[in-house]
Structure formats: structure tokens, C-alpha cells
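Asks: Whenever a hint applies, use it, and build me the whole structure from the sequences.
There are 2 protein chains.
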Amino acid sequence: MISEFQFINHIKKRFSLDRVGDDCAVLPKNAEVDLLITADLLIEEIDFRIDWASPLQIGYKALSVSLSDIAAMGGTPASALLSVGVPQRLWNSGFPENLLVGWHELAAKFAVELIGGDISKSPGKLVLDSIVLGEVPKGKAVLRSGARPGHAIFVSGALGGASGGLGLLQASSPQDNPNGPEANLRARQLRPFPQVDLGKRLRELGIISSMIDVSDGLASDLKHICDASNVGSVLDAENIPIDPNLREVMRFDESLDAALNGGEDFELLFTISESNIPALADLPVTRIGSVTSHTGRLELIRNGTVESLVPSGFQHF
Amino acid sequence: MISEFQFINHIKKRFSLDRVGDDCAVLPKNAEVDLLITADLLIEEIDFRIDWASPLQIGYKALSVSLSDIAAMGGTPASALLSVGVPQRLWNSGFPENLLVGWHELAAKFAVELIGGDISKSPGKLVLDSIVLGEVPKGKAVLRSGARPGHAIFVSGALGGASGGLGLLQASSPQDNPNGPEANLRARQLRPFPQVDLGKRLRELGIISSMIDVSDGLASDLKHICDASNVGSVLDAENIPIDPNLREVMRFDESLDAALNGGEDFELLFTISESNIPALADLPVTRIGSVTSHTGRLELIRNGTVESLVPSGFQHF
Numbered sequence: 001m002i003s004e005f006q007f008i009n010h011i012k013k014r015f016s017l018d019r020v021g022d023d024c025a026v027l028p029k030n031a032e033v034d035l036l037i038t039a040d041l042l043i044e045e046i047d048f049r050i051d052w053a054s055p056l057q058i059g060y061k062a063l064s065v066s067l068s069d070i071a072a073m074g075g076t077p078a079s080a081l082l083s084v085g086v087p088q089r090l091w092n093s094g095f096p097e098n099l100l101v102g103w104h105e106l107a108a109k110f111a112v113e114l115i116g117g118d119i120s121k122s123p124g125k126l127v128l129d130s131i132v133l134g135e136v137p138k139g140k141a142v143l144r145s146g147a148r149p150g151h152a153i154f155v156s157g158a159l160g161g162a163s164g165g166l167g168l169l170q171a172s173s174p175q176d177n178p179n180g181p182e183a184n185l186r187a188r189q190l191r192p193f194p195q196v197d198l199g200k201r202l203r204e205l206g207i208i209s210s211m212i213d214v215s216d217g218l219a220s221d222l223k224h225i226c227d228a229s230n231v232g233s234v235l236d237a238e239n240i241p242i243d244p245n246l247r248e249v250m251r252f253d254e255s256l257d258a259a260l261n262g263g264e265d266f267e268l269l270f271t272i273s274e275s276n277i278p279a280l281a282d283l284p285v286t287r288i289g290s291v292t293s294h295t296g297r298l299e300l301i302r303n304g305t306v307e308s309l310v311p312s313g314f315q316h317f
Numbered sequence: 001m002i003s004e005f006q007f008i009n010h011i012k013k014r015f016s017l018d019r020v021g022d023d024c025a026v027l028p029k030n031a032e033v034d035l036l037i038t039a040d041l042l043i044e045e046i047d048f049r050i051d052w053a054s055p056l057q058i059g060y061k062a063l064s065v066s067l068s069d070i071a072a073m074g075g076t077p078a079s080a081l082l083s084v085g086v087p088q089r090l091w092n093s094g095f096p097e098n099l100l101v102g103w104h105e106l107a108a109k110f111a112v113e114l115i116g117g118d119i120s121k122s123p124g125k126l127v128l129d130s131i132v133l134g135e136v137p138k139g140k141a142v143l144r145s146g147a148r149p150g151h152a153i154f155v156s157g158a159l160g161g162a163s164g165g166l167g168l169l170q171a172s173s174p175q176d177n178p179n180g181p182e183a184n185l186r187a188r189q190l191r192p193f194p195q196v197d198l199g200k201r202l203r204e205l206g207i208i209s210s211m212i213d214v215s216d217g218l219a220s221d222l223k224h225i226c227d228a229s230n231v232g233s234v235l236d237a238e239n240i241p242i243d244p245n246l247r248e249v250m251r252f253d254e255s256l257d258a259a260l261n262g263g264e265d266f267e268l269l270f271t272i273s274e275s276n277i278p279a280l281a282d283l284p285v286t287r288i289g290s291v292t293s294h295t296g297r298l299e300l301i302r303n304g305t306v307e308s309l310v311p312s313g314f315q316h317f
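Chains as they are written, first to last, in our numbering: chain A, 1 to 317; chain B, 1 to 317.
It should be emphasised that the hints constitute simulated quantities derived from the structure, not laboratory data. It cannot be assumed that every hint is accurate.
[Said to hold, decoys possible] DSS-like mimics (lysine-lysine), calculated; alpha carbons at most 25 Å apart, straight line:
(1) B:K109 to A:K200
(2) B:K200 to B:K29
(3) A:K29 to A:K200
(4) B:K29 to A:K29
(5) A:K121 to B:K109
(6) A:K138 to A:K29
(7) B:K29 to A:K138
(8) B:K200 to B:K109
Replies: Structure, rendered in C-alpha cells:
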């Protein structure tokens with residue numbers, strides 16, 4: 001039996017479901033603007049569980065995931081479609097209504113308009129397909145393919161929190177202090193915020209050579225940049241910004257692993273030439289490594305030694 | 001327990017999932033062109049069954065359904081996204097690959113390019129979300145809202161065949177003569193062809209006052225036009241073009257019911273002023289009735305008497 005990872009990559013490659021090799025497809029709109037479009041399929045028990053997440057959180061996250069794809073291209077989201085397959089057990093519960101209330105809560109923050117979609121009954125699980133359209137000035141979408149040897153690698157915010165929150169949910173750990181680290185970690189998993197404003201600001205600088213959002217995990221997403229750019233990379237373990245809440249509940253090596261391989265942090269990972277680094281001075285970003293000429297090879301410097309970094313891929317629960 | 005029909009209409013109305021009230025959302029693209037976009041969610045055991053339909057047929061139909069929405073606006077399809085949730089039982093069977101082969105077979109006929117989508121595992125049923133983008137000259141999309149009292153109602157092709165094919169599949173009737181009426185009816189259900197060329201030709205005439213595709217059923221879709229246009233309509237039973245294959249396997253009243261209420265024929269239903277009817281002379285369309293001023297009321301003239309026509313809504317199997 002092939003793994004899910006192998007299966008999905010096989011289908012993606014054979015049928016170009018990610019032909020453009022980027023977070024969004026880019027289509028010419030007019031003389032000034034390109035159109036961005038992305039679709040994200042979220043299925044109950046694969047991408048969320050209704051005993052962990054409220055309908056408000058599920059609707060919010062469905063949109064957040066797609067807005068993060070727009071952010072990773074430096075785009076401005078504009079409109080969206082949402083397809084929902086609802087099992088009969090949820091029809092009368094107010095669940096679908098609350099799901100759309102959660103969706104609209106985030107949509108309002110970015111003035112995203114719901115222009116269509118579909119709704120159907122589902123014989124099994126709750127299913128969402130989130131489609132977002134955005135815009136970017138013509139030719140200015142930040143792709144994955146522009147990283148060059150010698151460029152610096154940066155990431156926004158802190159990593160590993162969403163993965164830590166997932167671990168707490170899986171362990172059914174009790175809901176304690178609503179302001180404690182555990183509650184913050186759960187919120188990273190259940191209510192991720194897309195870095196749309198930062199992505200746009202980075203793109204406007206005009207000096208970002210490649211960008212992606214951290215959805216599969218830092219190592220996996222860095223591999224996507226390396227593959228698209230035909231380069232390698234080396235990360236410095238000491239500089240990887242680990243979610244401070246994670247450090248309160250885990251040992252360092254566990255939290256580093258969560259930061260490297262945990263998915264769904266929805267931070268922005270990007271590269272920039274050394275000479276342009278000063279332009280990032282006021283932004284909430286951290287340098288974590290450098291692009292190398294070792295095509296396809298990821299390395300990690302830990303305790304002064306260089307080790308090979310093998311992306312474990314995003315592990316669904 | 002509310003019915004599926006009630007549930008879906010409630011959600012649609014409350015959250016504007018069909019805000020535009022048309023087959024596609026219309027977005028301004030540039031000075032010459034508007035963009036059309038539509039999404040259709042298809043779920044195993046609701047919209048198809050894998051013991052009835054081959055993966056080639058399922059992929060083909062998923063695209064066909066969305067192309068029919070583009071056709072109903074008079075648009076030209078251009079590009080598409082496809083999100084697929086695949087249960088593990090189908091990973092190694094060649095099923096997902098064949099599904100995409102079927103999709104591409106139809107896409108090639110209309111030069112539709114696959115630009116993105118998503119693929120995920122599904123814990124239960126096979127799930128497809130088909131998204132198609134199209135174009136139409138600026139302001140020229142044919143809406144549902146332009147029907148006026150006195151306009152004539154036309155439909156393309158013949159109706160009821162897809163519903164008849166569904167009945168045969170549900171009855172597990174034996175596969176007999178591959179050129180017989182039963183085989184033709186099954187093909188109407190499993191391999192529907194979208195009326196893209198006809199929709200475009202009708203739009204180019206510049207005289208179609210409203211249009212929709214027959215996906216829910218003639219009566220239901222006519223109701224959509226009446227609601228959007230704030231009018232009523234009267235149909236003449238004798239003039240409704242019933243699929244000739246259906247007439248070979250059913251009594252007249254059964255086949256008329258299939259033509260009125262069976263879904264998924266994907267023909268085009270439209271209205272036009274009496275004075276413009278001569279422009280339709282060479283087209284495969286039939287006049288079936290007239291628009292009235294009785295807002296929201298559907299009537300059927302049968303055997304010389306007028307009866308009320310109540311759309312039964314598309315009944316999923």
C-alpha cells in the first residue's frame with residue numbers, strides 16, 4: 001500500500017493539479033493586475049474534528065487556509081466561493097449556520113466577499129472546499145522559484161504552535177487556564193490567522209525572491225521552494241523561532257521537531273538576497289538559514305554539526 | 001426533521017451562497033470581458049455511485065456539470081480547478097487516475113485548462129468539487145432575471161433522459177443492446193454533454209431575455225427564472241420535447257413527469273420576446289410555453305385544462 005504522501009504526489013504530478021507549482025494559480029486579469037485563485041479541500045476527520053473544533057472555528061479556519069495561500073503570493077484577497085457537504089446529523093443543529101458565521105467573521109477582516117459556491121448533503125463526513133480569488137499587480141506575484149544560492153531564508157512569527165495544539169487536542173488534555181500556554185496552542189491549531197498584510201508588505205518591497213506559507217511544515221515547505229528554485233538550503237537550529245507557548249509545555253528537542261515538521265502554522269517562509277536584508281528591519285521576521293547550491297538537499301546545523309534534514313511531510317491525524 | 005430541499009434553501013438564502021441568483025458569479029475582468037465562476041460539489045452516493053459509473057464517467061460528468069453553468073450564462077469556459085477527496089480503498093485501483101482522464105477528455109473538447117485544485121484523502125466517500133472559470137463579453141452574461149410577461153419559453157434538445165437513465169440504474173436493469181433506448185438513457189445520466197456551443201450562440205444573438213440550465217428539473221429551473229424575474233409561466237404539455245428513448249420504455253404520463261421533474265438533462269431553458277422568435281429558426285430548440293404576469297405561479301396546460309405545476313425539486317437517489 002502506498003502512503004498518502006506518495007499517492008497525493010503521484011496524482012499531483014501526473015495530472016498537474018499543482019501545475020503552477022505555487023500556492024495559487026496566476027491568471028492574467030487586465031493590463032495592471034493578475035488574478036490569483038486557490039482551492040483547499042477540508043474533510044472531517046482528516047483536516048478537523050467536530051468534537052475538537054466548534055463550527056465557528058471550522059468555518060474560520062477553512063477561509064484562513066486559503067487566505068494564507070493568497071498571502072504567500074503577496075496578493076490581496078477579494079472574493080471567495082465555499083462548497084459545503086453537510087451530513088444529515090448536522091442539519092438541525094445550527095452547525096452549518098455557525099460554520100458560515102465563522103467564515104464571515106474572518107472574511108469581514110479582509111473585506112472578502114462570498115460570491116458563490118455549492119451546498120449538498122453528504123452521506124458521511126462534513127466536507128468543505130474553500131476557494132479564494134485575489135489580486136496582485138501584474139507580474140508581481142511572489143513565486144516559489146526565485147531562490148538563489150547565497151540568499152537568506154526568513155520566516156515570520158513563531159513555529160510549532162499549531163502542531164503543539166493538535167497534540168493537546170489528540171491527548172484530550174483538559175481545558176485549563178484560558179490564558180495559559182495550552183489554550184494559546186489550541187488556538188494556533190483551531191483559529192489560525194493568515195498573514196495577508198505581511199505578505200502584501202513583503203511583496204511591495206519588491207525584493208523577496210521566493211515565498212510560500214508554512215502549511216505542510218517548515219522542512220516540507222522549504223523543500224517546495226528548493227525544488228521549484230533548483231537549490232538547496234541550510235537551516236540553523238538555534239535561530240528557528242519556536243512558539244514560546246510550546247517551550248513552556250515541551251522539551252527543546254520536541255519543540256524544535258514541532259517547529260520543523262509540524263504543519264498549519266500559516267506563517268510566511270521566504271528568501272531574500274543578503275544585500276536586501278536591511279529592508280526587513282521593522283518586520284516580525286527571523287533569519288533561519290541560507291540557500292545553497294546543493295540542489296534538493298536540506299541541511300540543519302545543530303550543536304555545531306551539520307545533519308541532513310528530511311521533511312517528514314505533513315502527518316494528518 | 002426538515003427536508004434536504006428545505007435545509008439547502010435555508011442555508012442558501014441565509015448566507016447568500018447563490019447571492020447572484022445565477023448559474024455563475026459574474027466578476028468584472030477588464031474593459032472588454034467579465035469573468036464567470038461556478039463551483040459544483042459532487043459526493044459519492046449523493047451525486048454518483050461508483051458501482052454504476054466508471055471513474056472516467058465520474059470525472060467527465062464533474063466537469064460537464066460546471067461547463068453547463070457556464071453555458072447557461074452564454075460564456076466561454078477557459079480554465080478550471082478540481083478538488084478531490086479520495087478514500088483509501090480507491091488509491092491503488094487506478095480509479096483517481098482514470099477519473100482525471102475522464103475529466104481531461106471533456107476538457108480537451110472545450111480547451112479548458114486545469115490550473116489548480118486540491119487533493120486529499122477522504123475517510124468515507126469520494127468527493128469532488130469542480131470549479132470552472134469562463135469569460136463573456138462585458139455586461140453580456142445572460143441572467144435569470146430578464147424574463148417578462150409575454151415572452152416565449154424555449155428549451156434545447158429533449159428532456160427526461162437523464163432521469164430515465166437513473167431509473168434504469170436504480171432498478172439494476174440488465175445492460176442489453178448497446179444501441180438500444182436503455183443504453184442511450186444511461187448515457188444521458190452518466191455522460192451528460194454541456195450545451196456550451198449553443199449557449200454561446202444564443203447569447204451572441206443578443207435577444208435572450210433569461211437563461212438557465214436544466215439541472216434540477218424543468219419545473220424547478222423554470223421556477224428559478226420566474227423567481228429571479230418576478231414573473232410566472234405557463235407550459236404546454238404537448239409541446240414539451242420528451243426524450244424519444246424515454247417514450248420507448250415508459251408510458252406517456254410517466255415520461256412527461258420525467259421531463260418536467262427529472263434533473264440533470266443539462267439542456268438550456270430560456271426566454272425570448274415573441275418578435276425575436278424567428279432568429280431561432282435554425283437552432284435545436286422547442287417552444288414549450290409563455291411567461292405570465294402571475295408572479296411565482298407555474299401552470300401546465302394538459303388535455304385542454306390548466307393545472308398548477310408544483311416543482312418537486314431534484315430528488316437525489
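Asks: Hint by hint, say whether it matches the structure.
Replies: Structure-based check of each hint:
For the given pair, K109 of chain B sits about 38 Å from K200 of chain A by alpha-carbon distance, which is inconsistent with the 25 Å threshold. Straight-line distance between C-alpha atoms of K200 of chain B and K29 of chain B comes to about 18 Å, which keeps the hinted pair within the 25 Å bound. A C-alpha spacing of about 18 Å is found between K29 of chain A and K200 of chain A, which places the hinted pair at or below 25 Å, so the restraint holds. Taken as a hint, the K29 of chain B and K29 of chain A pair is honoured in the structure, with Cα atoms around 6 Å apart against an allowance of 25 Å.
Of the supplied pair hints, the one linking K121 of chain A and K109 of chain B is violated, its CA atoms being roughly 31 Å apart against a limit of 25 Å. For the proposed pair K138 of chain A and K29 of chain A, the alpha carbon gap of about 8 Å is at most 25 Å, so the pair holds. Between K29 of chain B and K138 of chain A, the direct Cα distance comes to roughly 13 Å. Compliance with the 25 Å bound is thereby established for this hinted pair. The suggested pairing of K200 of chain B with K109 of chain B holds, with an alpha-carbon distance near 15 Å, which does not exceed 25 Å.
Checked against the numbered hints above, the structure violates hints 1, 5; every other hint is satisfied.
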